[in-house]
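Each chain, letter by letter, is given below.
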Amino acid sequence: MKIIKTIRKFLIENFLFEEDENLKNDTSFLENGILDSTGVLELIAFLEETYGIEVEDEEVIPENLNSIANVAQYILKKQGSLK
Amino acid sequence: MKIGLIYPSRSRKATYSSTNQQLQSFFDTNNYVPVFYLPSLSLLTIAACTPPDFEVKLIDERVTQIDFEEHFDIVGISIITEQALRGYEIAQNFRERGIFTVMGGIHASVLPEEARHYCDSVVIGEGEILWPELLQDFKKGVVKEFYHNEKQINLEQSPIPRYDLIDIQAYHLIPTQTTRGCPHDCSFCTVTKVYGSRFRNKSIKQVVSEIETIQKTLKNRRIVFNDDNMFVNKKKSYKLLEALIPLRIRYFTESDVAIAEDEKLLDLMQKSGCVTVFIGFESLVPENLASLQSSKWKFKRLKMYTEACKKIQFYGIQVLGAFIIGFDYDTNDVFQELIDFTLENNIMGQYHFLTPFPGTRIRDDLIREGMLRANDNRWNRYSCFDVIFSPKRMAKEELEAGLLEVYQTVYSKEVHLNRSRHMIEILKQIKH
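Top line first, the protein sequences correspond to chains A and B.
The first sequence begins at 48 in this note's numbering and counts up one residue at a time.
The second sequence begins at -10 in this note's numbering and counts up one residue at a time.
These aren't lab readings, by the way, just hints derived from the structure by calculation.
Hints are supplied without guarantee of correctness; some may be wrong.
What the hints assert, rightly or not - Simulated pairs of lysine to any residue, SDA-like, Cα-Cα distance not exceeding 20 Å:
no. : chain 1 : residue 1 : chain 2 : residue 2
1   : B       : Lys417    : A       : Leu112
2   : B       : Lys208    : A       : Asn69
3   : B       : Lys417    : A       : Phe57
4   : A       : Lys56     : B       : Asn209
5   : A       : Lys125    : A       : Ile51
6   : B       : Lys402    : A       : Met48
7   : B       : Lys299    : A       : Thr85
8   : B       : Lys260    : A       : Asn61
9   : A       : Lys124    : A       : Glu101
10  : B       : Lys208    : A       : Leu82
11  : B       : Lys208    : A       : Leu77
12  : B       : Lys417    : A       : Gly99
13  : B       : Lys205    : A       : Ile59
14  : B       : Lys260    : A       : Leu82
15  : B       : Lys417    : A       : Val87
16  : B       : Lys402    : A       : Ile108
17  : A       : Lys56     : B       : Leu236
18  : B       : Lys208    : A       : Ile59
19  : B       : Lys402    : A       : Glu103
20  : B       : Lys208    : A       : Glu65
21  : B       : Lys208    : A       : Leu70
22  : B       : Lys208    : A       : Gly80
23  : B       : Lys228    : B       : Glu201
24  : B       : Lys208    : A       : Phe64
25  : B       : Lys417    : A       : Leu70
26  : B       : Lys417    : A       : Leu82
27  : B       : Lys300    : B       : Gln418
28  : B       : Lys205    : A       : Asn79
29  : A       : Lys56     : B       : Lys417
30  : B       : Lys260    : A       : Glu60
Here chain B stands alone, though its shape is the one from the complex (with noise of 0.2 Å):
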């Protein structure tokens, strides 16, 4: 039997993705905005999760053209919001061929009664149990409309994902995960919810399997970790990064800015090859930060935020902010300050419209006070380029051209030099 898997793509040019055409004509032309293109570490996963008697085929349609007469037995396709329309076109596309069709990823776990319309199966929540559950069932023809996991995973029996099935010249970077789940449950984030908030380890030895199995399979070095919150347990991290040290690659990875307040951490991410950290300030207005948890953690580290960037860059690691445009408190001023912040920091930035992904305590929140439809379902604008409602202190205009600005001057030529300048004199400090 053959299985397709595919990742749907509303566009091409998937990092970046913007219905304004000044925003997407930007995209498409600056040479500095940073750009990852990565295959989907959940189908691979998926993929090993797929007992061998069945054939497995990866379609990264960002990468290669769906060929829609192809024999299949089954489709599965994951989506996230953005890919949702697309990934239904898709599944519609082959059911009218017979082919039996499955959907998952966050979105169909969050609306899996919207995706089942377009669908025969859905997989609610981590796949690694159900998908084989869900096989077994075909096999003996008695597959269900949902497949509903009652409990997270022990990530630990995670398989290796499949790295074999990867077209490595499509990509410049190999994901991996060594966490699940993150314990901020911010209002405008879907990992609480689809992940739960208990945080999750893989076991030292099982990341490291897949490291190697990485540099064996693909003879690559360059790893993304693609954990929502990778150092939330300090004592687990040191060793993990310890035992990464001898692997000799380079990676990027994503944490809150807490790594800043630990420099034994910071220097066993630079041993480890740590190039890159991605960190979600989501706001420089403490009133948006006060609003984002019951815990207020980001907003009580605000006032670090400049000398953890600086921290951070001392151990010669880049840091890629993520800051979020259109939260109750914003107006305004908030693009210029954007701008002062990233420029007197010399780190880049990635700068996204806040987007009220089903899911989310934020789009309960917009729905109740009316600024947002509840049948709200454009999903191919939610791509946190694109504006879906006007806040409360900013015109959809204002926040378009605001944002274009920030990313024109944030990524021109000048600005682009000087932050490489200043990391290149921190990286000659480093060598002594």
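This is chain A alone, in the form it adopts within the complex (with noise of 0.2 Å):
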């Protein structure tokens, strides 16, 4: 899926540096240490200036933003909303 490609790319070029193979879809964020607070506020940017949506604050959990896989079901959600 475009968006799980967009979303590594973007990870990989900000915070890991380098291909990591033990970054899977599911790899929670948080307890692997790959975004720290400001990392999360640097995903919020990205997500809001490639796919024109807002994250709203109420949004900002978890359940939204801490795996690869839950940001793409996020943005996928959020896009259809738009529709």
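Build the complex from these two chains, which are given one at a time in their own frames, with help from the hints.
Here it is as structure tokens:
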């Protein structure tokens, strides 16, 4: 899926800095120290810019932003609700 | 021979601890106060200065229990003031079992006679040269009670810390250091007394090697530069930051507010991965700032605080401002002023009570003025979140209630979300 590829690329370019085989689609960003608190903000800025969405305050929760799969699902849901 | 290097803990919640139950309860339950869990860089460095014929075990009591039955030939304990009483307990416990105990760190360096009462030998000041000397003497059976640096060490000779000793699961940030010292000599701070007023740099090659070692050993790229004031020497800072860019790290560091006057530096900070900068604003009350240093350096910069926050954030770098409460000119208005400043500038804040650490001018002044007992040694309370003395214009209860109110407001969910949104909008602009 293109969204998964895009998010993965963003994470590697900005946080991991190299391909990491341990980064699975369901790997927890927080439990594995992939994103720090500023990193979460950078991820939100990236999602808003890339997908033209606005991440609402109440949507900043692990269920939406804590893994590649969560983020992809969240983006699809947001895009669906925009249509 | 086996050495145990121990970092004592007053409590397991080491970043913020207070004997005030309401404050402690807030720190224990709030999700938005920034928390930094780091291994002790001092002990990692001391471990690196240990000759290879000694086996070294690092014990951080914040993350693991001490086994007092474990065999060591030497136990070395590093203490800052808040850890002193626990450090003394640990030293005595090992000493009773006939194990040779050594203490060092800022508190032992400032009060060596006190520390010596609980251990066999005290290392006063920087340990890079003294520690190997002590170990040589130990092998010969001629250890001295005190080891004292005659002069500051050349930082370029400081070895790469033993990052291989770290339990990586226990920490989320890894410390390293590029400089030691600070030119400001503030009245509440021990840095100048312990490290001297001369500002010293590691070589760029050395810093790069240390970071590459962290990356190889720990597979970690989240660094804290444990400097007292990292960018004092601007020309060297440019070169260092340029060298950091290809390393692709994300880092937290500490500086004075002067970085905001230098856009080239801010640009390089951003490009080299600076995420957050800790800045000692200290106070918003001019009279307080004027009393900190004879040079009045911070007082002269008070008027640029707001603009400085804006400039630094413009580069996508978060500001964590440090503020001290309890100076002579602080009144009950100080709490609302701090809240307003923090919210208006969308920064994070660390707010402390003025704490008269041994070795500081402020301690001498308070004792002279009869506001603090000369023999006050309630070191467990020297956490910066306990009131040690009542300042001139406020009572202890006012201070405690005020500090709690500041934290509750600044780290409420609503303010956290506003601050986050502010940074998100800046980060979006940067991408353009």
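Cross-check of the supplied hints:
no.	hint	result
1	B:Lys417 - A:Leu112	holds, 18 Å
2	B:Lys208 - A:Asn69	holds, 12 Å
3	B:Lys417 - A:Phe57	holds, 14 Å
4	A:Lys56 - B:Asn209	holds, 19 Å
5	A:Lys125 - A:Ile51	holds, 15 Å
6	B:Lys402 - A:Met48	violated, 34 Å
7	B:Lys299 - A:Thr85	holds, 17 Å
8	B:Lys260 - A:Asn61	holds, 12 Å
9	A:Lys124 - A:Glu101	holds, 12 Å
10	B:Lys208 - A:Leu82	holds, 15 Å
11	B:Lys208 - A:Leu77	holds, 16 Å
12	B:Lys417 - A:Gly99	holds, 12 Å
13	B:Lys205 - A:Ile59	holds, 17 Å
14	B:Lys260 - A:Leu82	holds, 18 Å
15	B:Lys417 - A:Val87	holds, 13 Å
16	B:Lys402 - A:Ile108	holds, 13 Å
17	A:Lys56 - B:Leu236	holds, 18 Å
18	B:Lys208 - A:Ile59	holds, 14 Å
19	B:Lys402 - A:Glu103	holds, 14 Å
20	B:Lys208 - A:Glu65	holds, 11 Å
21	B:Lys208 - A:Leu70	holds, 14 Å
22	B:Lys208 - A:Gly80	holds, 11 Å
23	B:Lys228 - B:Glu201	holds, 17 Å
24	B:Lys208 - A:Phe64	holds, 11 Å
25	B:Lys417 - A:Leu70	violated, 25 Å
26	B:Lys417 - A:Leu82	holds, 17 Å
27	B:Lys300 - B:Gln418	holds, 14 Å
28	B:Lys205 - A:Asn79	holds, 18 Å
29	A:Lys56 - B:Lys417	holds, 18 Å
30	B:Lys260 - A:Glu60	holds, 13 Å
Of the numbered hints given earlier, the model fails hints 6 and 25; all others are met.
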